[in-house]
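Guided by the hints, dock chain R onto chain P, whose structure is given.
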Amino acid sequence: MAGIKIVPINLFAQHDIRSKFEAVVLEMDREELNAYWIEQHYHGIRPPITQKSSKSLKAFLDGVEGSIGYLPKAQMDGTLRVLYEF
Amino acid sequence: MRLYSILLFPIILSANEYQLGHGLELNPYLTMGGYFSSKYENSKDTKEYMIDDVAILAYGRLGERFSYLVEIEAAEFWVHNFGNDTTQKNMTFHIERAYVNYKYDDYFSIKVGKFITPIGFWNLNPITVLKDTTSNPRYASEIYPKFTTGLMAYGYLPFDESIEYNAFIQKNKDLDKGYNNIQTDDYYGMELQKHWGDLTIGLNMGKYEVNEENMKYFGASLKYETSHLQILSEYAHLIYNPLSNSSDKHDKYAYYIQGRYKLNAKHYLVGRYEKFEDGFAGVDESVKIIGYNYRPIYPISIKSEYQLRENDNNSLIVSFSMLF
Chain P
514 MAGIKIVPIN
524 LFAQHDIRSK
534 FEAVVLEMDR
544 EELNAYWIEQ
554 HYHGIRPPIT
564 QKSSKSLKAF
574 LDGVEGSIGY
584 LPKAQMDGTL
594 RVLYEF
Chain R
1372 MRLYSILLFP
1382 IILSANEYQL
1392 GHGLELNPYL
1402 TMGGYFSSKY
1412 ENSKDTKEYM
1422 IDDVAILAYG
1432 RLGERFSYLV
1442 EIEAAEFWVH
1452 NFGNDTTQKN
1462 MTFHIERAYV
1472 NYKYDDYFSI
1482 KVGKFITPIG
1492 FWNLNPITVL
1502 KDTTSNPRYA
1512 SEIYPKFTTG
1522 LMAYGYLPFD
1532 ESIEYNAFIQ
1542 KNKDLDKGYN
1552 NIQTDDYYGM
1562 ELQKHWGDLT
1572 IGLNMGKYEV
1582 NEENMKYFGA
1592 SLKYETSHLQ
1602 ILSEYAHLIY
1612 NPLSNSSDKH
1622 DKYAYYIQGR
1632 YKLNAKHYLV
1642 GRYEKFEDGF
1652 AGVDESVKII
1662 GYNYRPIYPI
1672 SIKSEYQLRE
1682 NDNNSLIVSF
1692 SMLF
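From first to last, the protein sequence lines are chains P and R. For the first sequence, position 52 matches number 565 in my numbering, and the numbering has no gaps at all. For the second sequence, position 186 matches number 1557 in my numbering, and the numbering has no gaps at all.
Next up, chain P with everything else stripped away, as it sits in the complex (with noise of 0.2 Å):
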């Protein structure tokens, strides 16, 4: 989205949609995931931050222009844009 920041949002570590996140769609497993954000940090980058529970995520996706998580279908509605689902 040309001249909008993306805000990307994770679920906290444990949390089971994060686990099929990782392995659908970045096709990453944990291990890969912490040497890739063990770099990133040497580069100034850190890793997105995380909500406790995906109703909280849907709040700060509904609240921050730009932001992209992941949630389950039951919790879409008309105001967030879907691009993927898994």
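The hints are all genuine.
In silico DMTMM-like links for lysine to aspartate or glutamate, alpha-carbon gap of 20 Å or less:
1. R:Lys1517 - P:Glu552
2. R:Lys1633 - P:Glu545
3. R:Lys1594 - P:Glu545
4. R:Lys1637 - P:Glu545
5. R:Lys1594 - P:Glu552
6. P:Lys518 - R:Asp1531
7. R:Lys1633 - P:Glu540
8. R:Lys1620 - R:Glu1580
9. R:Lys1637 - P:Glu544
10. P:Lys518 - R:Asp1477
11. P:Lys565 - R:Glu1388
12. R:Lys1637 - P:Glu552
13. P:Lys518 - R:Glu1532
14. P:Lys518 - R:Asp1476
15. P:Lys518 - R:Glu1535
16. P:Lys518 - R:Glu1435
17. R:Lys1633 - P:Glu544
18. R:Lys1633 - P:Asp542
Beyond 10 Å from chain P on every Cβ pair, some chain R residues (computed):
19. Asp1423
20. Thr1458
21. Lys1542
22. Lys1587
If you are wondering where the hints come from, they were derived from the structure by calculation, not from laboratory data. We put the beta carbon where it would ideally sit given N, CA and C, even for glycine.
Below, chain R without anything else, positioned relative to chain P:
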């Protein structure tokens, strides 16, 4: 709701627990980190132990679209030579990187200051703990300046998001003169990298001036990576004029190909072949390396490598490095 979310932001981040290798995030505006490495080298000519790099880095946000990074480093911090039983110390810290970044969107960002020259793969992760071998191929130090003090634009191409671009220019002195492999105050270049799933291929070119002599280079890089196997290869060719009283042009080139096999998250096997040739200086060198990298956890690396050289000056290098 938006205000509430933004106000909550620093509180959530402050609650993050420190993890080794991820830095200490004090708030969104300041994360502290650093690294150090030490190595032992034994060859016919060299027998020494050194604390090679000690570095501190700080970075964070300066606003919605601005961020910064500062890194200071002392190289060859403490060196003991077993051959003549001497010890040297260098406690002087230099500016390795210092820049402000402006991110407009994924297609266009700008960096101003001193940054790593964006070429290929090796040059981007130059510290021991992030590499698979302690040593660097000659490719990494002979062809182009590792750091640039100037302006860089980068991002993805709007019409093809599988292609990354970067272009940089320097028209001034190095921010920390003397702390670069090649000193220049006139440098520009660019690179394109195309991603196809597990494969990335890059092309780069640039020009810089040393003692009013023009140096032109071009190069290519390749990275193939699956969950267990990584193949890295880079080539660079420099056309230069080593004599100011002659218009003769000379060439030097360097390349390497390296394979890494990940046995599991802690154990890695590495093999590399590297070549460097400088016709004018009469250097024609090739090195074969086999190595093993043990990572008890990812930000700690214990490496050993054996270098086979044509002149029989083989060497063994063992290192310990950590990112924090």
